[in-house]
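**Student:** Use the sequences and the hints to build the structure in full.
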Amino acid sequence: MIEAQNLCKHYPGVKAVNGVSFHIPRGVCFGLLGPNGAGKTTTVEMLEGIITPSSGKILYKGEPLGQRFRNEAGIMFQHTALQEFIQVDEALRMFQRFYPNPRSLDDLVEACALEEFLTRDTRKLSGGQKQRLLLAIALINNPEVVFLDEPTTGLDPQSRRNLWGQVRRIKAENKTLVLTTHYMEEAFELCDEIIIMDHGLIIAQGNPKALLADHFDNSVISLPRTALPENFTLDDGASVHPQGDLVEIMSKDVDSTIRLLTANQIPLKQLQVRSPTLEDLFLELTGHHLRS
Amino acid sequence: MSIRRFLAALQARNLEFLRDRTALGWNLIMPVLIVMGFAFAFTTGQEELYKVGLYGETDTEQPIQAFLQTRYVEFIEIDELDKTIEKVDRHQIDLLLDLDNQRYWVNSTSPKGYLLEKVVAPYQFERVALSGSEIRYVDWVVPGVLGMNIMFSALFGVGYVIVRYRKNGVLKRLRATPLSAFEFISAQIASRLLMIVTVTTLVYLGTDLLVDFRMVGSYWLLLLILIVGALSMISVGLLVAARITSEEAANGLLNLISWPMMLLSGVWFSLEGSHPLVQNLALALPLTHMVDAARAVMIEGAGIKEVAAPLLSLCLFTLCFVTIGSKSFRWE
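So the sequence lines, in the order shown, correspond to chains A and Z.
So that you can map any letter, position 172 of the first sequence is 172 in the numbering used here, and since no number is skipped, the others follow by simple counting.
So that you can map any letter, position 173 of the second sequence is 173 in the numbering used here, and since no number is skipped, the others follow by simple counting.
It is worth saying that the hints were derived from the structure and are not from the lab.
Glycine included, each C-beta is placed from N, C-alpha and C at the ideal position.
Incorrect hints may have been included.
[To be verified] Computed spacing ranges between beta-carbons, pair by pair: (1) A:E185 with Z:N14: 31 to 39 Å; (2) Z:T323 with A:G27: 29 to 37 Å; (3) Z:T323 with A:E185: 47 to 55 Å; (4) A:D121 with Z:A308: 26 to 34 Å; (5) A:E115 with Z:S246: 48 to 56 Å; (6) A:L118 with Z:N280: 53 to 61 Å; (7) A:L118 with Z:Y137: 47 to 55 Å; (8) A:R123 with Z:W268: 35 to 43 Å; (9) Z:W268 with A:D121: 36 to 44 Å; (10) Z:L28 with A:E72: 41 to 49 Å; (11) Z:S246 with A:L268: 52 to 60 Å; (12) A:R123 with Z:S131: 53 to 61 Å; (13) Z:T245 with A:R123: 16 to 24 Å; (14) A:H79 with Z:T323: 26 to 34 Å.
**Tutor:** Next comes the structure, spelled out in structure tokens:
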């Protein structure tokens, strides 16, 4: 569906994106994951035709981006405003008239739950309502590919869950989705395939579950930092990593590690065991945290 | 060019303008207040000097020499008889003496002319009566104020708004649709032109109702000047907005353009007699041509031939600015 070949975007003194290549197959939810400043938004805006690459090539259905792409793509930007003093329904009608075969207003209102604020001034919407309107605008041309740039940043947990539900419904319509996010949980929940970016480069690529299975065969045991003495080590090969107020132990055999902790009279109060996440993967690959 | 997309963008901009009550109110009320202020200021405190034009040899032994010594009368020696006769007709000069041919021109409806005529009577000059109505300062200033209002509306309504759209992401959102830059810019021009014509018509009617200014020419020609002039101002706004991304920078640049234009285009005072450099500089400003043409139509009743030159200049300004502005326009 979309092919990116050796994309670069250089600004004076900054290499925002430094040679990335990937293929987005039809019908998948493709995620770009990485910390702020990793080059996700720059990459996605090159794919959207908003930013011209310094070098490299982008093909949509085998052709360079053009009017066909404009007609078939729906985009929800991270930061965007609408013209002032217009109502939600007026904004929707304006965008409808930009496209040859737009979706009906009733259809969009139902799909994105806009009924309760349809006649409200667009400046008077809450964060979640505004995201729903922007999503409706992104879907107004019944697009084949939908770009969602950090769609849930700044939303409360309930609004985030609601938006996830809407993204799943778009997936169910067999549309191609391109999603950028710095929430690993979001990428894990929604994406069929991800690329993880850092400093303008791709550092990992694949299905989220497969990536974790490839990189990890252990579990994470966490304890309060005060529970363990300084420079504490374990004999079963488990590694110990201080993380703020916690200590995380990467263990291949949870039973053995807990037995050793008990033998060393370490208090197990507040002990937690979990599977590794994309955040752990990012930490392993880069040595720093996703949101640091 | 898709008319459907153009009309969609046009409608959204019109709604935005009409619903911004503060800006709309300011656009309508400010020029009326300015004209009323000047009408009041220049009708209550008139200078008490009489103005007499002198044509021909003044160094004469004729009895009229005694009159030329009269106090509280400003005597102005003139070279062009026809132009000065027109000034008498418009009450800008109270009496005109032709010393060589022993005759004088006076406006029968002018109180000052009436009094001066009594003083000149003993010298038995031939009387030529005129009956034109007075050109007050307010008559002279109205075309200027209308032009100035159009200038501010066009520069800030197009230039500032597009920069704001660029900064807050509206342009980016529109760029992601099939709407082309040409369709978007055309919609902005059309919307602002429509609003300027409507607002200026209302301001014209409101001001006329309150101060009853002079309008002797064709309304259609005045409308044409208004449209061509507004287009040239809008094109300056587009040029400013082509690339700037900061509202503060746009505001500064628009003020830098609008204030000298307002002061040097003869909005408030005539540039006759000013330094030639200033007069040449004024010709480089579109507002000068618009105000001159509007004034010629409203005060002197000029026809299309008389205002062809300023209209052509305005068209050239528009063509030049729109070409550069659209070639350098950037969505981001």
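**Student:** Now tell me, hint by hint, if it's right for this structure.
**Tutor:** Comparing the hints with the structure gives:
1. A:E185 with Z:N14: 31 to 39 Å: 45 Å, violated
2. Z:T323 with A:G27: 29 to 37 Å: With a Cβ separation near 46 Å, T323 of chain Z and G27 of chain A fall outside 29 to 37 Å, so the hint is violated.
3. Z:T323 with A:E185: 47 to 55 Å: Since T323 of chain Z and E185 of chain A have Cβ atoms about 53 Å apart, the given range 47 to 55 Å holds.
4. A:D121 with Z:A308: 26 to 34 Å: Roughly 47 Å apart at Cβ, these two residues miss the hinted range, so it is violated.
5. A:E115 with Z:S246: 48 to 56 Å: Cβ of E115 of chain A to Cβ of S246 of chain Z: about 39 Å, so the range 48 to 56 Å is violated.
6. A:L118 with Z:N280: 53 to 61 Å: Once the Cβ atoms are compared, 58 Å apart, the range 53 to 61 Å for N280 of chain Z and L118 of chain A holds.
7. A:L118 with Z:Y137: 47 to 55 Å: 54 Å, holds
8. A:R123 with Z:W268: 35 to 43 Å: Given about 38 Å between the Cβ atoms, the range holds.
9. Z:W268 with A:D121: 36 to 44 Å: 40 Å, holds
10. Z:L28 with A:E72: 41 to 49 Å: Since L28 of chain Z and E72 of chain A have Cβ atoms about 45 Å apart, the given range 41 to 49 Å holds.
11. Z:S246 with A:L268: 52 to 60 Å: Taking Cβ atoms as reference, S246 of chain Z and L268 of chain A lie about 58 Å apart, which means the hint holds.
12. A:R123 with Z:S131: 53 to 61 Å: Roughly 59 Å apart at Cβ, these two residues keep to the hinted range, so it holds.
13. Z:T245 with A:R123: 16 to 24 Å: Because 22 Å falls inside the window, the suggested range holds.
14. A:H79 with Z:T323: 26 to 34 Å: 32 Å, holds
The structure fails hints 1, 2, 4 and 5 (numbered hints given earlier, in ascending order).
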